[in-house]
Each structure stands twice: as structure tokens, then as C-alpha cells.
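Participant: Below are the chains, spelled out letter by letter.
2 protein chains.
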Amino acid sequence: MKIVTISYPNGRKYHADAQDSSVTARPPKTENVIFGKRGMRLEDAINESNEYYREHGSAVVYKKPTPVQIVHVDYPARSQAVIKEAYFRQPSTTDYNGVYQGYYLDFEAKQTKNKHSFPLKNYHQHQIDHFRRCLAQQGICFTLMQFADPNCVYLFPATALLRYWDDTTGRHSIPLKEVARVGYKIAVGFAPAIPYLDAVDALIAATHPQNSKGTIE
Amino acid sequence: MKIVTISYPNGRKYHADAQDSSVTARPPKTENVIFGKRGMRLEDAINESNEYYREHGSAVVYKKPTPVQIVHVDYPARSQAVIKEAYFRQPSTTDYNGVYQGYYLDFEAKQTKNKHSFPLKNYHQHQIDHFRRCLAQQGICFTLMQFADPNCVYLFPATALLRYWDDTTGRHSIPLKEVARVGYKIAVGFAPAIPYLDAVDALIAATHPQNSKGTIE
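Those sequence lines, one after another, are chains D and S. First residue of the first sequence: 468, per the working numbering; consecutive thereafter. First residue of the second sequence: 468, per the working numbering; consecutive thereafter.
No lab work stands behind these hints: they were computed from the structure. Only a predicted model underlies this, so the values are computations on that prediction, with no experimental measurement involved. Incorrect hints may appear among the rest.
Here are some of the chain S residues that sit facing chain D, going by a computed Cβ distance under 8 Å [to be verified]: (1) Ala526; (2) Lys530; (3) Gln557; (4) Arg648; (5) Val649; (6) Tyr651; (7) Phe657; (8) Ala658; (9) Pro662.
List of simulated lysine to any residue pairs, SDA-like, C-alpha gap at most 20 Å [as the list claims (entries may be wrong)]: (10) D:Lys530 - S:Ile537; (11) D:Lys530 - S:Gln536; (12) S:Lys531 - D:Ala647; (13) D:Lys582 - D:Ala647; (14) D:Lys530 - S:Glu522; (15) D:Lys530 - S:Ala615; (16) S:Lys531 - D:Lys582; (17) D:Lys531 - S:Gly656; (18) D:Lys530 - S:Tyr542; (19) D:Lys531 - S:Asp616.
The following label-pair restraints were derived from C-beta to C-beta distances [unchecked claim]: (20) S:Gly637 - D:Ala544: 30 to 38 Å; (21) D:Tyr542 - S:Ala615: 20 to 28 Å; (22) S:Lys644 - D:Glu645: 56 to 64 Å; (23) D:Glu645 - S:Ala615: 53 to 61 Å; (24) D:Asn581 - S:Lys588: 21 to 29 Å; (25) D:Gly524 - S:Gly524: 28 to 36 Å; (26) D:Glu645 - S:Pro617: 57 to 65 Å; (27) D:Arg630 - S:Glu522: 40 to 48 Å; (28) D:Lys530 - S:Ala658: 45 to 53 Å.
Backbone N, C-alpha and C define an ideal beta-carbon position, used for all residues, glycine too.
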């Protein structure tokens, strides 16, 4: 593939528009805690697991693309379009969603190097708001929460997260003991790397005991 | 906001990588049929309707961001990151998904200037494959299908679309008469512009008569 090179920029200024308030100063933070012994980042391990689940017809879950505000695109002749100016935007939702046996799944992947607790500052307000809205629509909402040392991954339900988030007594993190008690430990494996659907089954059994849409909470 | 201008490109070539096959030659096609009498494009009208539904607690549905492969980012001092080289990627899924009363919704928005039929070439294979996978997981899958002249919008179920797609007798479009018979006409309005949840209710009533996850198809 040959890309025609073109001088850039041409003195053109970036014009603020209505969507500007959602443009972020920095790209999404790179997660640099590697995953388990296989050297995969948490995000890669989840993407690989989602692919495994899709290929096996178990679930259809994707990571959403990073939202980008595109300002300028070049169309070189006989070549592909090249985005020459764009900005990272603040997402409105969580990173992952999809469908599993009729259930809507919605989740975030988060990690910490802390040994004994999970800091709430890992969450943005928009993620909390989105969880709240999805729970109100009977979605299955959670975080895949990785503690790096020793490496272990939990499915932590969004309902429990919201209790901590709304706690006004000044607590700023969730003790690992609580994550282990309320959440579901995921037996990290090989194929898929993070078999989170087992934990989802447990969460559904706990929250949807009649397997009926009318009985949540 | 001030963006530091920097000469670009610096002679750097674009290197093919494993994800290259999914890079598209062109950006997503701009839909230039305006919507109804209000001058909105179909996509804008749906986004506005989704926002209305979210604000009223009726459903949580978003359009997915356009997937972009980012190659080069500049980080000007004390300013926001600027994406300087990126490419449009082929999406893997449909454009819209979300949750409504415990149901997973998944849909595309499509339009035609044809008066009497809807051409199947409006669909890509990956959209068809995605519909099939989501239907197998009991998702509620459909197209919001706009005929421009006279302007009308139908919810057309993915199950019916797949019958046409799989028809090997050489048919390349769906007659409007069939769209009207099998689909659900949407009474285009003001708030929301495209009240598609009414049609979703009708689709669920037809396909999930016991309102139970175990009874699909």
C-alpha cells in the first residue's frame, strides 16, 4: 500500500464547535499492568475472550471503538482516506457491551496495583451514570476488576459499586475483602483467557432467580 | 484553545500491520438524504431519539463510534493530544445497540431513494453476520429503514432481512410492499423524531409472546 505524502498542516486553525466540551485533553490512559503470566494486557485478554465467545456462539460482546472527533481528512487519488487532524473525545458509556442468552451485558475493565483495595477514582462519573441507566433497564452490569499483585480478576457487580460510590462517609476505595465477598472470582485460563461468562451466570442466578425479565431487584 | 502547529508528515511511512486488512479505503458513506421536513439526516434523527429515550429513562441506546486506526499522535505541551495520522477501519458490528426493558437491541439505520424496493446492497456481509450472531443470543435485531420519497420509516426485523439475504433465486432487493407487510411503520414525530420503541414493542410482542427468554423462535 502506498500513501501519498502531503505537507500538513496548512496553517488552518482548529475551530471550536458544539461538541468541543467533550473533547478530552489526553487519549485514554494506557494500561501498563500486564496480564497474568502470558504478557497480555487486561484489555487484550478480554478482547481475545470476547472473540473466543463469539466464535463459539456463546455471546456477542465487543469493545467499543475509541470515540474520535475528526476534523480533517485527505483523500489522495487512488489511495485510502487519511485522517490528518482528529481529537480524542470523552466516551459517554462504558467500554464493553453485548448480548448473552437474551441478557444485555455492559461492563468496564479496570485494574489496580494496590494490594488491598480498589480505588474509586478509577471510575469516571459518566461510567457510573451509564451503569445506573443500564441497571434501570435490567442490564447485567459489572466491572472486570484486576488486582495485579497477586494477579487475580473479579467480576464485581455494578449494584455493589454504586453502593460504594454513593457512600458519603468519605470512603474512597473498595476493600479487596469486599470485592472477594460480593464479587465473583474468575478462574483465569487459556481459552478463553478470562472466562467471565461463568461469573456472569453466577451473577444472573443471584439477581434473576426466576430467569424472568420482571423480577429484577 | 490554542493548537501548536507542527510540520507534518516527517517522511514517516505507514507500516502495514496485522489489522491492515480491516482498514477501509474510504470513510463511512455520508447519508445525504435529509430526514422529513425538519432537515435532519436519518442518523441525526435517530441520535436525537436515543437521547430523548435516555433522558426519559425509556432505553439506553447509542450509536457506536466510527472505528479508527490511530497511527500517530502529537502531544503539544500544555495542550490536548492531536491525532495526526489515522485511518478508517471496517466496523465489525452494526451501528446501534443498547438495552430496553431487559432486551438487547441491535440495529442499523439505512435509507434508499428507490420508490418501490429496498436494495440489499445497502448491507455489508459483516452486518448480516452480526445480526445472525445476535439473533442466536436472543437479541432484538432490526433495521430502521427509510424510504425518502415519499418519506417514511419502517422497523424491518432482521429475521425477515436474513430470509431475503439467503434467498438464492437472484432477488437483489426487498419490495416496499413486503417491508410494509412484515415491518412496522414508525409514526415519525417531533419528540422523539423517530419513536421506534413503539415498533420495538410490537416486534417483541410478535416474537416473544410469553415475554420470556426461553421462547424465542
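Participant: Now tell me, hint by hint, if it's right for this structure.
Facilitator: Right, here's what the structure says about each hint:
| no. | hint | result |
| --- | --- | --- |
| 1 | Ala526 | holds, 6 Å |
| 2 | Lys530 | violated, 10 Å |
| 3 | Gln557 | violated, 11 Å |
| 4 | Arg648 | violated, 27 Å |
| 5 | Val649 | violated, 23 Å |
| 6 | Tyr651 | violated, 21 Å |
| 7 | Phe657 | violated, 21 Å |
| 8 | Ala658 | violated, 19 Å |
| 9 | Pro662 | violated, 17 Å |
| 10 | D:Lys530 - S:Ile537 | holds, 16 Å |
| 11 | D:Lys530 - S:Gln536 | holds, 14 Å |
| 12 | S:Lys531 - D:Ala647 | violated, 33 Å |
| 13 | D:Lys582 - D:Ala647 | holds, 13 Å |
| 14 | D:Lys530 - S:Glu522 | violated, 24 Å |
| 15 | D:Lys530 - S:Ala615 | violated, 33 Å |
| 16 | S:Lys531 - D:Lys582 | violated, 35 Å |
| 17 | D:Lys531 - S:Gly656 | violated, 30 Å |
| 18 | D:Lys530 - S:Tyr542 | violated, 25 Å |
| 19 | D:Lys531 - S:Asp616 | violated, 34 Å |
| 20 | S:Gly637 - D:Ala544: 30 to 38 Å | holds, 36 Å |
| 21 | D:Tyr542 - S:Ala615: 20 to 28 Å | holds, 26 Å |
| 22 | S:Lys644 - D:Glu645: 56 to 64 Å | holds, 59 Å |
| 23 | D:Glu645 - S:Ala615: 53 to 61 Å | holds, 56 Å |
| 24 | D:Asn581 - S:Lys588: 21 to 29 Å | violated, 53 Å |
| 25 | D:Gly524 - S:Gly524: 28 to 36 Å | holds, 33 Å |
| 26 | D:Glu645 - S:Pro617: 57 to 65 Å | holds, 59 Å |
| 27 | D:Arg630 - S:Glu522: 40 to 48 Å | violated, 25 Å |
| 28 | D:Lys530 - S:Ala658: 45 to 53 Å | violated, 32 Å |
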